[in-house]
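S.K.: Residue numbers (the working numbering), protein chains in the order written: chain A, 13 to 361; chain Y, 13 to 361.
Since the hints were derived computationally from the structure, they do not count as laboratory data. It should be emphasised that the depicted structure is a prediction, and the values quoted were computed from it without experimental measurement. In this text, a Cβ means the ideal position worked out from N, Cα and C, and glycines have one as well. Errors might be hidden in some of the hints.
Stated by the list, open to error - Just so you have them, the derived chain Y footprint on chain A, three or more residues with Cβ under 8 Å:
{"no.": "1", "region": "75-88"}
{"no.": "2", "region": "110-122"}
{"no.": "3", "region": "166-172"}
{"no.": "4", "region": "272-285"}
Unchecked claim - No farther apart than 25 Å at their CA atoms in a straight line, the calculated lysine to any residue pairs in the SDA-like style are these:
{"no.": "5", "chain 1": "A", "residue 1": "Lys223", "chain 2": "Y", "residue 2": "Arg273"}
{"no.": "6", "chain 1": "A", "residue 1": "Lys254", "chain 2": "Y", "residue 2": "Met283"}
{"no.": "7", "chain 1": "Y", "residue 1": "Lys223", "chain 2": "A", "residue 2": "Ala219"}
{"no.": "8", "chain 1": "Y", "residue 1": "Lys296", "chain 2": "Y", "residue 2": "Arg328"}
{"no.": "9", "chain 1": "Y", "residue 1": "Lys187", "chain 2": "A", "residue 2": "Ala236"}
{"no.": "10", "chain 1": "Y", "residue 1": "Lys223", "chain 2": "A", "residue 2": "Lys246"}
{"no.": "11", "chain 1": "Y", "residue 1": "Lys223", "chain 2": "Y", "residue 2": "His331"}
{"no.": "12", "chain 1": "A", "residue 1": "Lys246", "chain 2": "Y", "residue 2": "His331"}
{"no.": "13", "chain 1": "Y", "residue 1": "Lys187", "chain 2": "A", "residue 2": "Gln320"}
{"no.": "14", "chain 1": "A", "residue 1": "Lys223", "chain 2": "Y", "residue 2": "Asp184"}
{"no.": "15", "chain 1": "Y", "residue 1": "Lys223", "chain 2": "A", "residue 2": "Thr261"}
{"no.": "16", "chain 1": "Y", "residue 1": "Lys120", "chain 2": "Y", "residue 2": "Pro90"}
{"no.": "17", "chain 1": "A", "residue 1": "Lys187", "chain 2": "Y", "residue 2": "Phe255"}
{"no.": "18", "chain 1": "Y", "residue 1": "Lys254", "chain 2": "A", "residue 2": "Ala236"}
{"no.": "19", "chain 1": "Y", "residue 1": "Lys187", "chain 2": "A", "residue 2": "Ala253"}
{"no.": "20", "chain 1": "A", "residue 1": "Lys246", "chain 2": "Y", "residue 2": "Phe255"}
{"no.": "21", "chain 1": "A", "residue 1": "Lys246", "chain 2": "Y", "residue 2": "Lys75"}
{"no.": "22", "chain 1": "Y", "residue 1": "Lys187", "chain 2": "A", "residue 2": "Glu250"}
{"no.": "23", "chain 1": "Y", "residue 1": "Lys296", "chain 2": "A", "residue 2": "Glu249"}
There are 2 protein chains.
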Amino acid sequence: MIDNPYYSQDNHGPWQVFDAGDLALEAGGVLHDLKLAYAVHGTLNAARDNAILVPTWYSGTSKVMEQLFIGPGRALDPARWCIIVVNQIGNGISSSPHNTAGAQAMAKFPRINVGDDVRAQHKLVTEVFGIERLALVFGGSMGAQQTYDWAVRYPDMVARAAPLAGYARNTDHDKLFVQTLMEAITSDPGFNGGNYRSHQEVAAGLARHAKLWSVMGWSTEFFAEEAWRGFNFKSVEEFQAKFMDPFFTPLDPNSLLVMARKWHDGDVTRMTGGDLAAALGRIKARTFVMPIDSDMFFRVADCAREQQLIPRSEFRPLHSLGGHLGLFGFEPAFLAALDANLNDLLALD
Amino acid sequence: MIDNPYYSQDNHGPWQVFDAGDLALEAGGVLHDLKLAYAVHGTLNAARDNAILVPTWYSGTSKVMEQLFIGPGRALDPARWCIIVVNQIGNGISSSPHNTAGAQAMAKFPRINVGDDVRAQHKLVTEVFGIERLALVFGGSMGAQQTYDWAVRYPDMVARAAPLAGYARNTDHDKLFVQTLMEAITSDPGFNGGNYRSHQEVAAGLARHAKLWSVMGWSTEFFAEEAWRGFNFKSVEEFQAKFMDPFFTPLDPNSLLVMARKWHDGDVTRMTGGDLAAALGRIKARTFVMPIDSDMFFRVADCAREQQLIPRSEFRPLHSLGGHLGLFGFEPAFLAALDANLNDLLALD
């Protein structure tokens, strides 16, 4: 185990821990003694029908989701909804390579699929909260992958689904991008096959990984308009050194890799023998598919292809100058448009 | 010196060599005893006014340009035009780190700018051929950078300019992409600061570099439509392993880095104190600016911004499913549209 202060309650809490026990994994094997960290905003009503589930994205935590999406006056208002934010497996807070002791620590942590997260979350939602139906599942990026998986796996349990900037089945192009992210880390000699003593031994690989996020994460127009000046930097070099590098280099490399492999392999058609129309056709939720118009890897066209296969869905693309990292919510108009969509969706029966 | 069979006359010849002598470099210092390799197709007429100059792109050679763009019935028809294809400095055939002996070999090869190439090419064109005015300068990608530099540096010498899929001044976003390409190579321990004994010692870095080219070089739609099937592969993995990897991994790492640094720093405003409007305003050539609509890093919007600053120019975007690597010319319609543009341009006074 490695004590990485980034993942502390001080930084990303408060959270509670659900002891999910042993989880049989889709790809084979068992994840032992799974700890699922979650945070709750608002109160579950007597009918238990006001619950919203928010899974996390790559590198995200329950605190990040709270800060971006939850609050009084927002679509996700704790005064009305009981919002359960759950940290995905491997995100550094729920069970992850660096915070697991013993036989599954570090490089020995097993391969996790998105579906494993969703089955563990199902256990949390039903056993801890006694919820039979979620009013909404909402997630961005890898959170969208989990949202799709929920809607396909448990169609009667998801009343509404709002996948933001993500795919139900990952594309070949996006897989190649994720491979470059993984290879930036694993190619660092300091990575040592996953058995480093500190994430700082992988600093060079993490910095290369951060630069790939700049190239593909933002949009070309973000740079053309020098939108990084809005972050109070004077040059792209300073933006990279003082924003992108500090964002990614404190993270645990094995943690990023568990998430990246999940992202890479995200595919709801594992439930339908590879048939995407069959998988998405199972969805009973009112679904708003929300790609970001400038996203370089979760592309509008690819999201539209999926939306067309979902029975009760609408296509609700969002504008951002930021590309995929418009998810960072630096544009008030982006968050307002997102909330308007979520309010529309929550108003549907 | 390293004998790399990729760069042989058998593979990429025939070419001739111009001994350009010592070249004072924009970034400082001197490149000694520059050998500029070039190939000529067609015959210079008595008026010496039918010459077309074609510089090469990143990884490109005079043979590649010939195969893609030159031939009977093409816009660049040797029956009418005298087409001079010149290998850029550092491309592995003209003077490059691995084919240079002595004090400037390998890691000691100096930093080259696009303007250095253009001044050396000017010497070739005037001293060897006695040409006072080029009917056309045409180049794609880094060839477009050289085309722009020619038109700005020698406005009275360039009657027509056809920059295809490239910028006059590189963008911040594209610089970040080029940095990831360079870092994929230099981070390989086998690179050894540029002093490897064989490019095969850098095979892992070259393969990561090839994967970055897949992510950014092609378009997302290329993968969505599985256009790689047109190359007779059965999976993306096979396409990567049998096309992209074999394309890039035989190349010399230092050679790629010399070109990448040039590409990164490409900027005609070095001639006008950073003023893009002033630089492009100098151009007297009839100019067709031709971005590729699906290009992920030489973007249509950024090319359009430059075109608007060029006095006698037209915006002539080309369609390809292939993104930037539409330049590989795998679509007959792309090459036909390009030739139509070039014919239109060559018909202008």
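S.K.: Is Lys223 (chain A) close enough to Asp184 (chain Y), meaning Cα to Cα at most 25 Å?
M.R.: Distance of about 12 Å is within 25 Å: holds.
S.K.: Compare the distance between the alpha carbons of Lys223 (chain A) and Arg273 (chain Y) with 25 Å, and conclude whether the hinted pair is satisfied.
M.R.: Holds: Lys223 (chain A) and Arg273 (chain Y) sit about 17 Å apart, inside 25 Å.
S.K.: Checking one constraint from the list: CA of Lys254 (chain A) to CA of Met283 (chain Y), max 25 Å. Satisfied?
M.R.: With a Cα-Cα distance of about 31 Å, the restraint between Lys254 (chain A) and Met283 (chain Y) is violated, given a limit of 25 Å.
S.K.: Run the distance test for Lys187 (chain A) versus Phe255 (chain Y): straight-line Cα separation, threshold 25 Å.
M.R.: Status holds; Cα separation ~17 Å.
S.K.: Lys187 (chain Y) and Ala236 (chain A): Cα distance at most 25 Å?
M.R.: holds (12 Å)
S.K.: Next pair to validate is Lys120 (chain Y) with Pro90 (chain Y); report whether the Cα-Cα distance is within 25 Å.
M.R.: violated (39 Å)
S.K.: Given the hint that Lys223 (chain Y) pairs with Ala219 (chain A), does the C-alpha gap stay at or below 25 Å?
M.R.: holds (18 Å)
S.K.: Check the hint pairing Lys246 (chain A) with Lys75 (chain Y) against an upper bound of 25 Å on the C-alpha distance.
M.R.: violated (44 Å)
S.K.: Given the hint that Lys223 (chain Y) pairs with His331 (chain Y), does the C-alpha gap stay at or below 25 Å?
M.R.: Cα-Cα ~24 Å, so holds.
S.K.: Sort out whether Arg328 (chain Y) lies within 25 Å of Lys296 (chain Y), counting only the CA atoms.
M.R.: With Cα atoms ~18 Å apart, Lys296 (chain Y) and Arg328 (chain Y) stay inside 25 Å; holds.
S.K.: Between the region 166-172 of chain A and chain Y, see if three or more residues pass the 8 Å beta-carbon test, and mark the coverage as holds or violated.
M.R.: violated (count 0)
S.K.: Has the given pair, Lys246 (chain A) with His331 (chain Y), been kept, meaning a C-alpha gap of at most 25 Å?
M.R.: Distance ~36 Å between Lys246 (chain A) and His331 (chain Y) Cα, so the pair is violated.
In the structure shown, a violation is registered for the earlier hints numbered 1, 2, 3, 4, 6, 10, 12, 13, 16, 18, 20, 21 and 23, in ascending order.
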